[in-house]
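Number of protein chains: 2
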Amino acid sequence: MDKKIVLKNVFFDGAKRDILIVGNLFEKVTRPLELADYEGAEIVDCSHFAIMPAFYNGHTHAAMSLLRGFADDMELGKWLNEYIWPTEAKLTPDDIAVGSHLAVLEMIKSGTVFFTDMYWHREQTMRVVEEMGIRAAIGVTFAEPLMSPEAWAANVDFLKNHTGESERVQLVVMPHAIYTVGEEKTAELIELAHAENYKIHTHLSETMTEIKNCMEQFGCTPVEFWKRLGGLNSNFSAAHCTHFTASDRKIFAESGATAILNPCSNMKLNSGIPQVAEMLKDGMKLGLGTDGDSSNNNLDMQEEMKTIALLAKYLGTAETLPAEEALKMATCNVAQFFGINAGRIAEGCLADCLLIDLNNERMVPCYNIYSNWVYSANSSAIDSVMCNGKFVMRGRHVDGEEEILRDARECAARLVAK
Amino acid sequence: MDKKIVLKNVFFDGAKRDILIVGNLFEKVTRPLELADYEGAEIVDCSHFAIMPAFYNGHTHAAMSLLRGFADDMELGKWLNEYIWPTEAKLTPDDIAVGSHLAVLEMIKSGTVFFTDMYWHREQTMRVVEEMGIRAAIGVTFAEPLMSPEAWAANVDFLKNHTGESERVQLVVMPHAIYTVGEEKTAELIELAHAENYKIHTHLSETMTEIKNCMEQFGCTPVEFWKRLGGLNSNFSAAHCTHFTASDRKIFAESGATAILNPCSNMKLNSGIPQVAEMLKDGMKLGLGTDGDSSNNNLDMQEEMKTIALLAKYLGTAETLPAEEALKMATCNVAQFFGINAGRIAEGCLADCLLIDLNNERMVPCYNIYSNWVYSANSSAIDSVMCNGKFVMRGRHVDGEEEILRDARECAARLVAK
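Chains as they are written, first to last, in this note's numbering: chain R, 1 to 418; chain V, 1 to 418.
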């Protein structure tokens, strides 16, 4: 029989409620519980907690956690070519496992239970995700300058065999970017994704250099490039989207594709800022991501959510992107793209949620809990994190965290000594 | 005899050290300790901690903590006139004490030991600051539309009598803004500040509406207005400075005045963003503030520091405002303006500091501790806070926090019921 959990006296939608979780789903949220619902259930005292949807991180490179703070305060080209790529070339599969552990720990601690990962040695990351109890859309990543033809073919085989997919892990076709995967290869990957029923995720319109080179090489913007190849539809999501033209926004909105904005990374690397107010006006589907730990330098979706809400108001009006809408960009909008019925506290949805400590000083007073959560709090207000009906953090403790930090420190020391 | 504290094995400047505090000062930081230094000292095991300067918040309205989340997602004029000012008019001195307690608790929890406060019922706030062990520059605030002539005269008397100044509290002359204090009254306050040796602090060039009205009324920018009245010098600091012209920046830099930037509030209220990259280039003295809890919506200087660092890179280049310089804007730059020898971990400086938990997942790995502290961490990495040689938070606990939160909740409930 499915495990039952009752979140007792939890604050949701303006009132204290008892919420029933059966197995991995919210069974009763606003409907009153009956006596039978409590029978055999684990009762969790939530009288000091509010419930919030857990975060869905739409774009990251998890194992880059090992390179947090390794190179800062420089522009994207120099940062990638002189620091990140040469160091990444030294990463072994074991290192990737260590880095993924650190990243997933950091994500759980800041309330994230799902991430879209574009990186290498995906099997290690998939194993860590399974082990630590969260979800991921794991990229099978393609980049011509960084891969042998054999490695490319192996990736294609991997996708054709649907290797390693599970209840909590899905695979995604990920051409790295227009400047690393050419027209012909991009077309092949679009066909593959379509035939095998995969989503596509890529870096898009991140810097002005990318736009300029794309215009020179293909005579169109990156968005037009993808449209021309037939890749722009509701199965397509792109990270960054920092330099969309008005026409790009219109094309993108009409296609039903999802843009994953990463404002902290974009500002830190001087790439620009996404025109979020215009994007909202044009009806684009928008989600949020943190990008990797070496360009942000954290995986904190609460911080990203506040940042995009502030930028939206700066670029639009003070009324643009109210707190509750910013929260959706960090939760259900990302889940929805990946076909996951989650990111909301609602009956029938997957039981992914956070218990927020109402005794945290930044949640007091509480005129509007969404305002407090988006604008005032930070991740330290998260007491517990649930994914798929199971607690992955309780009382701010995650199993195995000491070992994960020890391994990460040792690995980083080896990496710089190499 | 002065109390001695040894911070044992604390990480500072690339190495583990023993740091000696005698009374309220750092006595030995990089010099090796001798046996006699440990005698009679409280030894604090810091083997998992790094030391960082505590934050100095250059601009806030502490007791507005009671209005956190009370009104969001609207522009400054509507927000002030329809929501904030009518509600503030109901605040009693007792309410101000409750709100100041909540604000100081929030500040300590996020590593701040000093704040510049512009508000009403200053005696209550001064008492709370004394009681909770931190520092403040407390405004004697002037705003013609909100004050009777008697209240104005009482403020002037208060300043002439230097009432309530102490080791940790100084008074500051605070005309609210150009649009609330006219030319004649501003000139009088400049003279008073000069005669009685006070600093001046005001809101300046916050919105385009302010600039436009100032141009119409006085035929000059707000910066030129202050220059014309002779108020612009090293004893002058201004909050916001969102809409400085190139000429304003030059005038301001030459005057030796300090600009206190509040980027989160400016974005949230759609006021604009301070041109921090140009300001740095023009050699302006820059500090940071959070503004009040109802326009930010928190008092977290770590968050403000990351935000200004990101904006600086967005507006300048990826090299603009490296982590260590951003930290200075949130610490010693503010202290320096107020003539306080603090905001740095250095011999002879006031012992105001933070112990940062190196086992916090966002401090791992640690290639560059300033990068981790500015870009990756959040306030949850602060284990302990010291002000003036005394711990005001240890192991994340602040004395009396439960009562402060209870009182704040009750007060907020009364406020909305009025």
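If you're looking for bench data, these hints aren't it; they were derived computationally from the structure.
A hint or two may mislead.
Note that identical chains are pooled: a pair holds if it fits in a single copy or bridges any two copies.
[What the hints assert, rightly or not] Below 20 angstroms or equal to it, Euclidean Cα-Cα: the simulated DMTMM-like pairs (lysine to aspartate or glutamate) are: (1) K418 with D94; (2) K78 with E319; (3) K16 with E410; (4) K281 with E75; (5) K390 with D18; (6) K28 with E184; (7) K227 with E325; (8) K78 with E150; (9) K28 with E75; (10) K285 with E130; (11) K90 with E410; (12) K227 with D399; (13) K3 with E347; (14) K90 with E27; (15) K16 with D94.
If any of the earlier hints don't hold here, list their numbers in rising order.
-> Violated hints: 6, 7, 8, 9, 10, 12, 14, 15; rest satisfied.
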